[in-house]
Amino acid sequence: MTTAYTEVEPAFVPVQTRSERPRSFDPDEFGAPSGREVNWKHTPVAQLERLFAPAGENDGVVYDVESGEQFIVAPLAAGDAPRGEIFVPEDVVAAAAWQGTDAAMHVRIPRDEEVAEPVLVTITGQGADKRADAHIVIEAEENSSATVVLRHRGSAQYAQNVEIIARAGSRLTVITVQRWDDDAVHAASHQARVDKDAFLKHFVISFGGGVVRVNPNVELVGTGSEGRLYGLSYADAGQHLESQVYLHHKGAHTTGDVLYKGALQGDGARSVWIGDVLIGPDATGTDSYQANRNLVLTEGARADSIPNLEIQTGDIQGAGHASATGRFDDEQLFYLQARGISEEEARRLVVLGFLSDIVQRLGIPAIEEELLAAIETELAAVNA
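Just so you know, full-length UniProt numbering puts the end of the sequence shown at 384, numbered straight through with nothing missing.
Incorrect hints may appear among the rest.
What follows is a set of in silico ranges between Cβ atoms, one per label pair, in the way DEER data are often shown [as the list claims (entries may be wrong)]:
1. L352 with I72: 28 to 38 Å
2. G326 with G268: 16 to 26 Å
3. E331 with D182: 16 to 26 Å
4. A74 with Y289: 31 to 41 Å
5. A77 with R50: 45 to 55 Å
6. G285 with T377: 12 to 22 Å
7. A74 with G326: 42 to 52 Å
8. Q47 with D257: 40 to 50 Å
9. G268 with Y289: 57 to 67 Å
10. E117 with G320: 46 to 56 Å
11. R339 with E299: 22 to 32 Å
12. Q312 with E113: 17 to 27 Å
13. E114 with D80: 34 to 44 Å
14. G326 with A46: 41 to 51 Å
I should point out that these hints are in silico values taken from the structure, not numbers from a laboratory.
Quick caveat: nothing in here was measured; it's all calculated off a predicted structure.
Cβ coordinates follow ideal geometry from the N, Cα and C atoms, glycine included.
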């Protein structure tokens, strides 16, 4: 049974911190990754090759605003504020997506407005041979409140940037759900800034796709800002599901919570989670914690889990990180079976309990029901 591990970086591969990596809007300045770079070494680079240059025709996906149409405002060309207010590409895919997007979708929640129903955008791939780029700006103006959902399905070769701005006093939830077909390739860079007394809850839910890499980068800039980053993945045979999470505490008295959970089953199922938390020198009074937990259900599956924590001030409330990857807890199974529950049903209950912790934090009953049903379907495949 494969469990988590950490590799030692070979001496001939330069280790780059985030501040040392190129930051450019030109894909050529990054060049195509070899797979030996620190931020690419766990990724199947060859399968992302088509995303290293702008799409050209950019016809690989179709966007459908299913609810909240009134909050989709005029699209943004490069140079139109607030596009680029906080976003700077950190890898070649993000740079290609920037250049390949002439008109960025702009979701704007007006100042002081509380939006009860989620803004739901469904992104449907038009075929595994189709290519698309996107840049999406989600802006919550001062003291507003809303939930924005990006739901992905079908198949495509899709490079995506999501720029998230939570202005002072706002409360914003952003949910990205990947329910792609098995031949889809999706690489996304989410960059967010959370201003004074603002709150951001961010979810990455990945259940489908051949290769899905969604990397959130959240900066808690304002005093009293808060970021809660949650993730859920379920990898089947041959799937690669990855998230590299970066949470940067910049302002004083900021609060951060990172929790990603994953399940894996089938030969070649692979998940990658890399969590970086940086508490800057001015982030006094910070309270931060990150954790990743993986449940390996069958032989042949592999989970890589690498937490990192850097603290540049001694004046904090607390900080920590944790990582765990393993099989079923034998004590939990014994407890359930001792009460007359079959082994198959006991395993089902353990997995549901493990994963539903993240599902129930979404706060959208329809999506919660959809994901719980998807988990049940996955579990039925294990027991078949």
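Quiz item: Between E114 and D80, does the beta-carbon spacing fit 34 to 44 Å?
Solution: Given range 34 to 44 Å: violated, Cβ gap about 27 Å.
Quiz item: Measuring from beta carbon to beta carbon, are Q47 and D257 in 40 to 50 Å?
Solution: Once the Cβ atoms are compared, 32 Å apart, the range 40 to 50 Å for D257 and Q47 is violated.
Quiz item: Is 31 to 41 Å right for how far apart the beta carbons of A74 and Y289 are?
Solution: Between A74 and Y289, where Cβ atoms are some 40 Å apart, the hint holds.
Quiz item: That 17 to 27 Å hint for Q312 and E113 (C-beta), does it hold up?
Solution: Distance hint for Q312, E113 is violated at roughly 37 Å.
Quiz item: Can the suggested window of 41 to 51 Å be confirmed for the beta-carbon pair G326 and A46?
Solution: Violated, since G326 and A46 (Cβ atoms, about 30 Å apart) do not stay within the stated range.
Self-check item: Range hint 45 to 55 Å (beta carbons of A77 and R50) holds or violated
Solution: 24 Å, violated
Quiz item: Does the Cβ distance between G268 and Y289 fall inside 57 to 67 Å?
Solution: About 32 Å separates the Cβ atoms of G268 and Y289, which means 57 to 67 Å is violated.
Practice problem: Return holds or violated for the Cβ distance of A74 and G326 against the range 42 to 52 Å. | Solution: 50 Å, holds
Quiz item: Using the C-beta atoms of E331 and D182, is the stated range 16 to 26 Å upheld?
Solution: Roughly 35 Å apart at Cβ, these two residues miss the hinted range, so it is violated.
Quiz item: For the pair E117 and G320, does the Cβ-Cβ distance stay inside 46 to 56 Å?
Solution: For E117 and G320 the Cβ distance comes to about 36 Å; the hint is violated.
Quiz item: Okay, G285 versus T377 on CB: inside 12 to 22 Å?
Solution: 45 Å, violated
Exercise. Please test the hint of 22 to 32 Å on the beta carbon pair from R339 and E299.
Key: Since the Cβ atoms of R339 and E299 sit about 28 Å apart, the hinted range of 22 to 32 Å holds.
The structure fails to meet hints 3, 5, 6, 8, 9, 10, 12, 13 and 14 from the earlier list, while all remaining hints are met.
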